[in-house]
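Going down the list, the sequences are from chains X and H. Position 344, counted from 1, in the first sequence is what my numbering calls 344; the numbers after and before it change by one each time, with no gaps. Position 55, counted from 1, in the second sequence is what my numbering calls 55; the numbers after and before it change by one each time, with no gaps.
Check the hints yourself; a few may be wrong.
Computed cross-link-like contacts, DSSO-like style, restricted to lysine-lysine with a CA-CA straight-line distance of at most 30 Å [unchecked claim]: (1) X:Lys266 x X:Lys179; (2) X:Lys276 x X:Lys313; (3) H:Lys76 x H:Lys63; (4) X:Lys284 x H:Lys63; (5) X:Lys200 x X:Lys266; (6) H:Lys37 x H:Lys104; (7) H:Lys104 x X:Lys284; (8) X:Lys284 x H:Lys37; (9) X:Lys127 x X:Lys179.
Source of the hints: derived by calculation from the structure; they are not laboratory data. Nothing here was measured: the structure is a model prediction, and the numbers come from that model.
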Amino acid sequence: MNSIWNRRGFLKKTTLATMAGVLGANIVFAKRMPKGVIPVGLSKQNLEEILPGKHPDLIILNNKPWNVQVPPHLLDDATTPGDKMFIRNNGIPPEEVNLDNWTLEIDGESVMNSKSYSLKELKTKFKQYSYHLTLECGGNGRAGYNPPASGNQWTEGAVSCGKWTGVRLKDVLQDAGIKADAVYMGYHAADNHLSGDESKEPISRGVPMAKALEDESLIAWALNDSDIPLMNGYPLRLVFGGWPASASGKWLERISIRNKEHDGAKMTGTSYRVPKYPVAPGQKVPLEDFKIIESMPVKSLITQPKTGAMIRKGEILNIGGHAWAGDLEVKNVSYSIDFGATWQNCELEAPVNRLAWQQWHAEVSFAKEGYYEVWAKATDINGTAQPMVIPGWNPKGYLNNSCHRIAVKITDS
Amino acid sequence: MSSAMRKIGAFLFVVLAFLACRTNQPIKNNTLDHGEKDAESGLFLDNDMLLVKGQCTGCHSAKLISMNRFTREGWKEKITWMQQTQNLWDLGEAEPAILDYLAKYYAPEGKASRRANLENIEWYPLNLP
Numbered sequence: 001m002n003s004i005w006n007r008r009g010f011l012k013k014t015t016l017a018t019m020a021g022v023l024g025a026n027i028v029f030a031k032r033m034p035k036g037v038i039p040v041g042l043s044k045q046n047l048e049e050i051l052p053g054k055h056p057d058l059i060i061l062n063n064k065p066w067n068v069q070v071p072p073h074l075l076d077d078a079t080t081p082g083d084k085m086f087i088r089n090n091g092i093p094p095e096e097v098n099l100d101n102w103t104l105e106i107d108g109e110s111v112m113n114s115k116s117y118s119l120k121e122l123k124t125k126f127k128q129y130s131y132h133l134t135l136e137c138g139g140n141g142r143a144g145y146n147p148p149a150s151g152n153q154w155t156e157g158a159v160s161c162g163k164w165t166g167v168r169l170k171d172v173l174q175d176a177g178i179k180a181d182a183v184y185m186g187y188h189a190a191d192n193h194l195s196g197d198e199s200k201e202p203i204s205r206g207v208p209m210a211k212a213l214e215d216e217s218l219i220a221w222a223l224n225d226s227d228i229p230l231m232n233g234y235p236l237r238l239v240f241g242g243w244p245a246s247a248s249g250k251w252l253e254r255i256s257i258r259n260k261e262h263d264g265a266k267m268t269g270t271s272y273r274v275p276k277y278p279v280a281p282g283q284k285v286p287l288e289d290f291k292i293i294e295s296m297p298v299k300s301l302i303t304q305p306k307t308g309a310m311i312r313k314g315e316i317l318n319i320g321g322h323a324w325a326g327d328l329e330v331k332n333v334s335y336s337i338d339f340g341a342t343w344q345n346c347e348l349e350a351p352v353n354r355l356a357w358q359q360w361h362a363e364v365s366f367a368k369e370g371y372y373e374v375w376a377k378a379t380d381i382n383g384t385a386q387p388m389v390i391p392g393w394n395p396k397g398y399l400n401n402s403c404h405r406i407a408v409k410i411t412d413s
Numbered sequence: 001m002s003s004a005m006r007k008i009g010a011f012l013f014v015v016l017a018f019l020a021c022r023t024n025q026p027i028k029n030n031t032l033d034h035g036e037k038d039a040e041s042g043l044f045l046d047n048d049m050l051l052v053k054g055q056c057t058g059c060h061s062a063k064l065i066s067m068n069r070f071t072r073e074g075w076k077e078k079i080t081w082m083q084q085t086q087n088l089w090d091l092g093e094a095e096p097a098i099l100d101y102l103a104k105y106y107a108p109e110g111k112a113s114r115r116a117n118l119e120n121i122e123w124y125p126l127n128l129p
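Looking at chain X on its own, in the form it has when it is part of the complex (with noise of 0.2 Å):
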């Protein structure tokens, strides 16, 4: 394991060599260094050597835990490589990971029979499945609501597709035995506490039993056929597409099966909770009045260009990017250069497999020079589509699906 940090949240002393040799300089007073402080120097352009395997121009919006965002124009892939894969940790990632002494648990109310499976197990037991799943933070879009939302201020970058390897959830659960009084499965991970405090979890979420046992709801291990990021879950994962990306545990250690809706940290108070009814900008809203946020909503992003691209007048350009519904698929994708005032459809790929996003494509040409803004709507099969402006206020700034716009200015010659 690569961490930088051990297991108190200190840096390593290796990192601090690493550290040390990019600076040119020793770091003075590097023992007393704060948890999760990293120098100016060390900022982005050496982003690898802190976050091993992650593309030098992703976003940090916090470094204890981490949380890193992609700028669009970087999720231009319609699979998502590694290293372009947003990482939103609650905890501090395990610091070692023995591969032979791994297992995965599964316990719980209601579970027939408690079983243990080592990775081998689990990988020669159970038939494998591939599937491309858009994995989405809850809080992706925070940073457009007002008054604003405490947490980490996403704006576009908490979102993938990759494609997982692994085993189906439903497959193993039914080798343990689902007793007939199971309605929720959640999990237990290796992560550890940002106090220290080993008795707390970070987080430990999950899913109905409906949503567990769909053919897509995966045990993982692969992505894009090589190990996982361990920013994204080495070396086991669950996966769930179109739903909260917490609701996907990594580093999984255990699973239960409970008799009730699971309450571990982060599935009660107000945490990847909404109200239950639409509230004003900065309403309190009663702890009973919250729900779990469950499939995600319809959403589009422009990857292609990136924003700002400056075309002459008569250039056609190209625009394209990704769309996804949460459980539900995308029926059309349209965009606009005129703020929203007239709209063209574009084209519109079927997804790989169901809960993977779909790409679009469109060529848009300009009738005069100034600025533009390209904005892109998609919508549901439902008939659900973006909303132009941020939607509705919630306390804790989720879902915030608003139509993704990019800046092009058209010149004269």
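With chain X fixed as given, assemble chain H onto it according to the hints.
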């Protein structure tokens, strides 16, 4: 026309002209909590509040201040405009203190409720095939 009516007419002209030339920054009512307000004017209490009240509310209501949000530069533009067109006098040594006060308590609140302008765009020539 009586002197009183002329005064009222001049007052209305100032207010309307000011409103017409206002920049298009949004009017916000959900002001940040800057503490106690002057009961008479509604301006936030501060060592320089009386200075602002004295210099600015002779011609127009304090509400014309409190319903607007500008940067220090924006407020300077308003003062200059009033001096050029509305007979506002030279504020002299009081001007920096007034601008500091306005920029402190009546600054743009930074975020649009529904969509903000696209900002920090790094323009680049896109070479098409």
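Right, here's what the structure says about each hint:
A distance of roughly 25 Å separates the Cα atoms of X:Lys266 and X:Lys179; the hinted pair therefore holds under the 30 Å criterion. About 49 Å separates the Cα atoms of X:Lys276 and X:Lys313, which puts this hinted pair outside 30 Å; it is violated. This hinted pair checks out: H:Lys76 and H:Lys63 have alpha carbons roughly 18 Å apart, not beyond 30 Å. The hinted pair formed by X:Lys284 and H:Lys63 meets the criterion: a straight-line CA distance of about 29 Å does not exceed 30 Å.
Using a Cα cut-off of 30 Å, the hinted pair X:Lys200 and X:Lys266 holds, with the two alpha carbons roughly 12 Å apart. The hinted pair formed by H:Lys37 and H:Lys104 meets the criterion: a straight-line CA distance of about 14 Å does not exceed 30 Å. Simply put, H:Lys104 and X:Lys284 have alpha-carbon atoms about 28 Å apart, close enough for the 30 Å limit, and the pair holds. Using a Cα cut-off of 30 Å, the hinted pair X:Lys284 and H:Lys37 holds, with the two alpha carbons roughly 25 Å apart.
Restraint check: the Cα-Cα separation between X:Lys127 and X:Lys179 comes to about 23 Å, which is no more than 30 Å; the hinted pair holds.
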